[in-house]
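The listed protein sequences derive, respectively, from chains E and H. Residue numbers for the first sequence, in this note's numbering: 1 to 265. Residue numbers for the second sequence, in this note's numbering: 1001 to 1306.
It should be emphasised that the hints constitute simulated quantities derived from the structure, not laboratory data. Do not rely on the hints blindly, as some may be mistaken.
Now the in silico label distances, taken between C-beta atoms and shown as ranges [to be verified]:
1. ILE73/E / VAL1051/H: 28 to 34 Å
2. LEU1044/H / VAL14/E: 50 to 56 Å
3. GLY174/E / PRO1037/H: 22 to 28 Å
4. PRO187/E / HIS1217/H: 46 to 52 Å
5. ALA186/E / SER1266/H: 44 to 50 Å
6. ALA1064/H / ILE194/E: 32 to 38 Å
7. TRP46/E / VAL1220/H: 36 to 42 Å
Predicted model, so just to flag it, every value in this text is computed and none were measured. Even glycine gets a Cβ: it sits at the ideal position worked out from N, Cα and C.
Read off the chains here:
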Amino acid sequence: MNRGLAPHPAVRWVIGIVVVGLFAIPIVSMAEYTLRDVDGYSLAHWASLFDPANAAKYRPIWIGLGNSVVLAIVTVAIVLFLLAPTMVLVTLRFPALQRPFEFLVLLPITIPAIVLVVGLAPIYLVIGRTFGTGIWTLAFAYGITVLPFAYRSIQASMEATDVRTLAEAARSLGAGWPTVLLRVLAPNLRPGLIAASLISLAVVLGEYTIASLLNRQNLQTALVVVGKQDPYASVILSLLALVFAFVLLLVIGRAARRPMKKVRP
Amino acid sequence: MTVAAPAAPVAVAEPVSPAPPRRPVRPGTSPVLGLVPFAAYVLLFLALPTVLAVASGFFDGDGAFTLANVAALGDPVIVATFANSAWLSVLTAVVGALIGALACYALVGLEHGRARSLVDAASGVLAQFGGVMLAFAFIATIGIQGLVTVWLRDTFGIDIFAEGAWIYGLPGLVLPYIYFQVPLMIITFMPAMSALKPQWAEANLTLGGTRTGFWLHVGVPVLAPSFFASLLLLFANAFSSYATAAALASQGSQIVPLQIRTALTSETMLGRENLAGALALGMILVMTVTMWAYSLVQRRAARWQR
Chain E
1 MNRGLAPHPA VRWVIGIVVV GLFAIPIVSM AEYTLRDVDG YSLAHWASLF DPANAAKYRP
61 IWIGLGNSVV LAIVTVAIVL FLLAPTMVLV TLRFPALQRP FEFLVLLPIT IPAIVLVVGL
121 APIYLVIGRT FGTGIWTLAF AYGITVLPFA YRSIQASMEA TDVRTLAEAA RSLGAGWPTV
181 LLRVLAPNLR PGLIAASLIS LAVVLGEYTI ASLLNRQNLQ TALVVVGKQD PYASVILSLL
241 ALVFAFVLLL VIGRAARRPM KKVRP
Chain H
1001 MTVAAPAAPV AVAEPVSPAP PRRPVRPGTS PVLGLVPFAA YVLLFLALPT VLAVASGFFD
1061 GDGAFTLANV AALGDPVIVA TFANSAWLSV LTAVVGALIG ALACYALVGL EHGRARSLVD
1121 AASGVLAQFG GVMLAFAFIA TIGIQGLVTV WLRDTFGIDI FAEGAWIYGL PGLVLPYIYF
1181 QVPLMIITFM PAMSALKPQW AEANLTLGGT RTGFWLHVGV PVLAPSFFAS LLLLFANAFS
1241 SYATAAALAS QGSQIVPLQI RTALTSETML GRENLAGALA LGMILVMTVT MWAYSLVQRR
1301 AARWQR
């Protein structure tokens, strides 16, 4: 089919092997680094990470990981219960607002997190006074940074579903809006909602800029702090986090492909 | 979509529907109220911080209006940081775009394969979520005790740090930046590459053209706008990137985001307060110009992507 357009198999393989090879070097280096011992290789660094004797040294990492999980949950809640219903509302009732709305939610791509943080600092001063300095409040900022990613995932599902007809049908059968949203639209938009949640999870687990400059502890700030004394622990956890994010995105890719088949019987 | 046109249900239902009491409730207050929570959220956590960030550049520590911070953008130190950021971004964007485009070319025709989904996932991780973790990857690779450093030293006797530990300075950022630029190029440029119509290539072959001729006269001219759009996106990406640099360069502030960190953490830098705001303003200006150019080029690129 792609005769003439696709590269010669040999060319494809050469480019593929060179690029994949170059990109594998740092990942392989990480793995090799974590296995080093005084002379030769061992699993000593991996074992010491979970050794109770070192609990105090690695405590920041476990606290940071716990904080990141809390942040991920609240951020996903913002995506599912604030962004998704608003997207449905805009599609059903305010089609004219569709373009401005899209512009708005894609805006965070163009505003660097480092700029946002300059303005967030005074806002979080106020939030700290009213809601306390609980880690979860940071999720409000993360909700903004995941907006473009979450929007695209949900939008892809909404375009594959006839949201308007489904909603009209459910309404004319006497369903209230909560029923329409939760029992009619949500199941149909499930692939998009799952993808949006997973990608938000990945973004939150990888976030460093905002947390570090607002003096909050999350997984990434903990990696940097612990890495100053014990780079092995940080390299191990970085490797694990990268692999975890890779698997998450693979799952998203699968989820995004599946509905396409269902829609076209 | 074409069968169930959006207006159809309403138009059909109007004359037949025997339920008139629902009508008056529909327009009016309730749907607009539904937009309020999200609007309030975006206003508080996107619009307000952006405005505050820029506005704080125009005020001093006591809240009085001043142009001193903005004037500080002309300070030789600040100008040098912007120049550093610019050349780092240009260099890594160009190298990343070229390697990424080559990788996209190698992926043509594999749209639905397993290889493609692996590449998509890997690109997503490295381009968007690496940050701090990429810094550690490069410490393990070309750090003082990194795998490549040690290998070069023991095998060839080459000491890559003979002139100092450059990995913790500005040159050390080049390789990690390219490492996240290439995947972003694959993500943004692949759709354009996939939109090239096989029919064009077939037409070219049928008319006696060669593969090289096709790329020279059709492929490259059609893809050029998309390529430059992606290049601008890569530039913006490198310019605004903070985490990798912050984790690698613990001292000094050679690029603008690190300069903002210094200004935020020690507000007395250069004797001026709220310098972070002025730096943020400078960054927003650069980003706005870049994204404006991006939308211009992208509009031209979109012509072929239908």
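To see whether the hints hold, each was checked on the structure:
Taking 28 to 34 Å as the suggested C-beta distance range, the pair ILE73/E and VAL1051/H conforms, at roughly 30 Å. The hinted range of 50 to 56 Å is satisfied by LEU1044/H and VAL14/E, whose Cβ atoms lie roughly 52 Å apart. A C-beta distance of roughly 26 Å is found between GLY174/E and PRO1037/H, which places it inside the suggested range of 22 to 28 Å. With their beta carbons about 50 Å apart, PRO187/E and HIS1217/H fall inside the hinted range of 46 to 52 Å.
For ALA186/E and SER1266/H, the Cβ-Cβ distance of about 49 Å falls inside the hinted range of 44 to 50 Å, so the restraint holds. Between ALA1064/H and ILE194/E the beta carbons are some 51 Å apart, a value that contradicts the proposed interval 32 to 38 Å. Under the hint 36 to 42 Å, the C-beta atoms of TRP46/E and VAL1220/H, about 49 Å apart, miss the expected range.
In this structure, the earlier hints numbered 6 and 7 are contradicted, and the remaining ones agree with it.
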